[in-house]
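J.: This is what each chain is made of:
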Amino acid sequence: MMTLVGAIVGGMGLVSILLRRTLLGLMIGIQLLVLGATLTFVVVGISANARPSGHLFALFVVLSAVAQLVGGYALAIRRFYLKNNVLVDELRSLKK
Amino acid sequence: MIHWIFAIVLVSASVFATFSKSIRSSILALWICGLGAGAFYLTIGTELLAIIQWIVATVIAISFVFFAVTFGEYSKTETRPGHRSKLFTVLGILIGVGLPVLLWLGVGPVPEEMLIPATDSNDLSALGLKLVSENFLALEVLGVSLLVAIVGGGVIARPLDSEDERGNP
Numbered sequence: 001m002m003t004l005v006g007a008i009v010g011g012m013g014l015v016s017i018l019l020r021r022t023l024l025g026l027m028i029g030i031q032l033l034v035l036g037a038t039l040t041f042v043v044v045g046i047s048a049n050a051r052p053s054g055h056l057f058a059l060f061v062v063l064s065a066v067a068q069l070v071g072g073y074a075l076a077i078r079r080f081y082l083k084n085n086v087l088v089d090e091l092r093s094l095k096k
Numbered sequence: 097m098i099h100w101i102f103a104i105v106l107v108s109a110s111v112f113a114t115f116s117k118s119i120r121s122s123i124l125a126l127w128i129c130g131l132g133a134g135a136f137y138l139t140i141g142t143e144l145l146a147i148i149q150w151i152v153a154t155v156i157a158i159s160f161v162f163f164a165v166t167f168g169e170y171s172k173t174e175t176r177p178g179h180r181s182k183l184f185t186v187l188g189i190l191i192g193v194g195l196p197v198l199l200w201l202g203v204g205p206v207p208e209e210m211l212i213p214a215t216d217s218n219d220l221s222a223l224g225l226k227l228v229s230e231n232f233l234a235l236e237v238l239g240v241s242l243l244v245a246i247v248g249g250g251v252i253a254r255p256l257d258s259e260d261e262r263g264n265p
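Read top to bottom, the protein sequences are chains A and B. At position 39 of the first sequence the residue is numbered 39 (the numbering used here), and the sequence of numbers has no breaks. Every position in the second sequence, counted from 1, becomes a number in the numbering used here once 96 is added.
For the record, the hints were derived by calculation from the structure and aren't laboratory data. Worth double-checking, as some hints may not be accurate.
Unchecked claim - With a straight-line Cα cutoff of 30 Å, these simulated BS3-like cross-link-like pairs (lysine-lysine) come out:
1. B:K182 to B:K117
2. A:K83 to B:K117
3. B:K182 to A:K83
4. B:K172 to B:K117
5. B:K182 to B:K172
6. A:K83 to B:K172
To be verified - Where chain B lies over chain A, by a calculated footprint (3+ residues, C-beta under 8 Å):
7. 2–10
8. 23–34
Built from N, CA and C at the ideal position, the CB exists for glycine as well.
So here's chain B without its partners, still in its complex pose (with noise of 0.2 Å):
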C-alpha cells in the first residue's frame, strides 16, 4: 500500500530533523515530514485536512528559514548535536522510546483495510457541514486564539524603547 511509503518517509524525516547538526537540514526535513503527513491523508481520502497540512508545512518551513537567517542560526551546525546532561539524555531516550510504546500497546493497531477512503461522510461539503454546526464553538475558540496570539506576538516582540524594560534607572 502506498501508504506504508509516506509513512517510511515519515518517520525518517522526524528522525532526520531531530538528530541533525543543522537548523538548515532540520527544517528541511520538518517540512518533508508535513508533506509526508499530507501525502498520507490524501491516501485516506481526507483531502481537506491534506491540502491544510501541506499549506501549513510549508508556511512553518518557510518562516522557519526566515527566522533561521534573522538570528543567524542557519548556517551554524552543532558540534555535538543532541549532547546534553545525563539525565535529559536518558530522558530523551526513555521518552523517544516510551511513548511510542505505550501508544501502540494502549491503542493497538488500525485494521488495514480501514485505511481507504470512506465512501460516506467524506466529502468537503459534509465535512463544512459538521464544521459549522457541530463544532460551531470550538472553531469561533481557534478563530479567537489565533487572533490572540498574533496581537499578543506583536505586544511581546515588541522594540524595547523605555528605560524601564531596559533595565537602566
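Just chain A, same shape as in the assembly (with noise of 0.2 Å):
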C-alpha cells in the first residue's frame, strides 16, 4: 500500500501540472511529483532489498528538485518583469 501512497501523491503532482493557471501553482504539482517519485524510490528499494541504493537515488531526486525550482522560479520573474502577472495560459513568449 505504500507504494499507492507515493503514486497517488505523484497523481495528484500531475494533476496539478495540468490544472492550474499559474506559474507558482505549476511549481506546486511539480514538487508533489517529485515528492512522489522519491516516495517510489524509497519504498521500491525497500521491496527490492536495495535500501541504500534506493535512498541515495531519492537523495538525489530531492536536491535535483531545487535546481528545478530555481529555473521555475527565473523563468517566474521574467514572466512577470515582461507581462505583470505569472499566468501560465497566455505564456507563449519571454520576450516582449
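Take the two lone chains and join them into the complex the hints point to.
T.: Written out as C-alpha cells, the structure is:
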C-alpha cells in the first residue's frame, strides 16, 4: 500500500500541473510529483532489498528538484517583468 | 503502524494542495506533504533522507511564500479552481487515477514487515561512504547542476535593461 501512497501523491502532482493556471501552481504540482517519485524510489528500494541505493537515488531526486525550482522561479520572474503576471495560459514568449 | 498515519496525512495534504482555491493553502499543504514524507522516512530508519526532506520542504515553502507575495498571488483565490477545457479535465482525471493504478499493478505491495528500520547499511557513515565512493560521479554532476541552475536562474531573471530585449527599435 505504501507504493500506492507515493503514486497518489505523484498523480496529484500531475493533475495539478494540468489544471493550475499560474506558474507557482505549476511548480507546486512539480514538487508534488517529485515527492511522489522520491517516496516510490524509497519504498521500491526497500521491497527490492536495495535499501541504501533506493535512499541515495531519492536523495539525488530531492536535491535536483531544488535546481528545477530555481529554473522555475527564474522563468516566473522573467514573465513577471514582461507581463506583470505569472499566468501560464498566455505564456507564449519570454520576449516582449 | 505509525507510518500509516503519515501516509494518510501525505495523501490528504497532496489532494488539498491540488484542489485548494488559494495558493496560500496549497503552499501550506505542500509543506505538510514534505514534513509527512520526512516523518515516514524517519519511521523506516532513513534519518539522513528525513532531515534533508524536512530542510528542503521548509525552504521550498518559504521561497513559495516569498515569490507568491512578490507576484501578488498570495491572497488571490481562484473562483473555479481546476476548471479547464474538457480535454485537460479528462486528461487530469485519467492521469490522476491511471498513474497510481499503473504503479500499483506494476510494483505491487511492499510487505509490511519490510517497512521497519534496517539493521545494516543504515547508519550515516555507511550512507556517506556509499555516496562518495560508488556514487561520486553522480554527486559531482548534481553539484555542477545546482551551480549551473543558480547561475542560469540569475541570468534569466536579470532586469531588462537593453532596448532590444524590450522589443523597442
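J.: Hint by hint, note whether the structure agrees.
T.: We went through each hint and held it up to the structure:
1. B:K182 to B:K117: Distance of about 20 Å is within 30 Å: holds.
2. A:K83 to B:K117: holds (23 Å)
3. B:K182 to A:K83: Given that 30 Å is the threshold and the Cα spacing comes to 27 Å, the pair holds.
4. B:K172 to B:K117: holds (9 Å)
5. B:K182 to B:K172: It holds: about 24 Å lies between the C-alpha atoms, which stays within 30 Å.
6. A:K83 to B:K172: Judged against 30 Å, a Cα distance of about 18 Å means the pair holds.
7. 2–10: holds (count 9)
8. 23–34: holds (count 7)
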